[in-house]
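S.K.: Please model the entire structure based on the sequences and the hints provided.
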Amino acid sequence: MSLKLFTFVVLTLICGISITGLHTFKSEQIEYNRKEFALRTIKQLVNQKQFSLVQINDERYAIKYQNAYDGAVFKIRTPSGYNGEIILWIATNSAGYIRGVRVLEHKETSGIGDLIDIEVSDWIHQFIGMSLKNNWTYDNSDIDHVSGATITTRAVTKAVFDALKVETE
Amino acid sequence: MNRFSQIACDGIWRQNPVLVQLLGLCPLLAVSTSFVTAFSLGVITLFVLTASNIVISIIRLLLHDAMRMPTQIIVIATFVTLSDIVLQAWYFELHHRIGLFLALIFTNCTLLGRAEIFTTRNPIANSALDGFMMGLGFLWVLVLMGSIRETLGSGTLFSNMHLLLGPIGENLEITFSTKGFLLLVLPPGAFITLGLLIASKNYLFNNQE
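Residue numbers (the working numbering), protein chains in the order written: chain A, 1 to 169; chain B, 1001 to 1209.
None of these hints come from the bench; they were simulated from the model. Note that CB positions come from ideal geometry on N, CA and C, so glycine has one too. Please note that a few of the clues may not be correct.
[Unchecked claim] Facing chain B, a subset of chain A residues (Cβ under 8 angstroms, in silico):
1. K4
2. L11
3. T20
4. Q29
5. I30
6. L39
7. W136
M.R.: Written as structure tokens, this is what we have:
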């Protein structure tokens, strides 16, 4: 009886050690992958040949071009998506124009609301080059809201607009 | 038919975990939206199932009977976590896509079911083969469903293969049409596809038995 219980304890120990071991061994690689993945998205966003990124914190990078500040890349969240939170990266330049927007995480309905995802459609590209001077209201908007995905597209547009307003001020 | 070919036949066809036993529907329905996700999750399930079957079979005689379930759960959870770490280390982009469902392998009843039904009563070689064949049975149905749903639902096949194969996979995508039948990509489409698959299997093959 006690011997058989002992097997269970040993087994649990072995399992624990092997997971911890592999994780410790590979955690650097995983962290590197995670950073690399985030950076690749950001570099696409900046939309410029030569620049350097200065990390301010986990959610914000400053773009430097020829040693001068030229905008920022930052993460924003909006809770008003159709199925919950949408997380976006936004890149701006120093004049207050948008360099690009990218959806990092979303839970929108696949086939309908997921058009905000770059891998599904180009919808998100229409933010490029916009600024506060554009028309962001629902009527006559410069953004093409999509019927069927009204809530999703409005949530993204409003989030980008709010972030841009805060950023410009 | 000897014992081994019987096990193989059971896993792939006669006792197929999806088409006959209807186990593991949760990951099946969640990841079968495209070929890449279906294939990768199927392979991981195959690995976890075989490995956990072997380990459980090795220690089955050393265990107290009351400790059977906790042991099986611990072994399966360990292998799922290990494959999760491996995927994060080497296939990060793929993990970004299917990482959520990776943990769901654990909820796949096939794993616990096989451990309980088969492995606790059979020697190591049989258990290993059973795990492999059951995994294979799960894999081919998953891949078939993924292909059907991707072809009809999105109008493409083999899209995003670079997640799996690296740069070679970039140009493998076949596009049939730009518009797909949306229902098949949504969750109800998974149930409908699976239902049709089971129905056609029963219609075509049940008369022979």
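S.K.: So, as I understand it, the hint says A:I30 touches chain B; can you test that by seeing if any CB pair is closer than 8 angstroms?
M.R.: holds (5 angstroms)
S.K.: Does the nearest C-beta of chain B fall within a distance shorter than 8 angstroms of the C-beta of A:T20?
M.R.: Given a least distance of 10 angstroms, the restraint on A:T20 is violated.
S.K.: Grab the minimum C-beta distance from A:L11 to chain B and call the hint holds if it beats 8 angstroms, violated otherwise.
M.R.: At about 6 angstroms, which falls below the 8 angstroms cut-off, the nearest Cβ of chain B leaves the hint on A:L11 intact, so it holds.
S.K.: Go through the hint on A:L39 and say holds or violated, using the shortest Cβ distance to chain B against 8 angstroms.
M.R.: violated (12 angstroms)
S.K.: Hey, does the A:W136 contact hint survive, CB to chain B under 8 angstroms?
M.R.: violated (30 angstroms)
S.K.: Does A:Q29 hold up as a contact with chain B if the rule is Cβ-Cβ below 8 angstroms?
M.R.: Holds - the Cβ of A:Q29 comes within 8 angstroms of chain B, reaching about 5 angstroms at its closest.
S.K.: Hint validation: A:K4 versus chain B, beta carbon distance must be below 8 angstroms. Holds or violated?
M.R.: Because about 4 angstroms separates A:K4 from the closest Cβ in chain B, which is inside the 8 angstroms limit, the hint holds.
The structure is inconsistent with the numbered hints 3, 6 and 7, although it conforms to all the rest.
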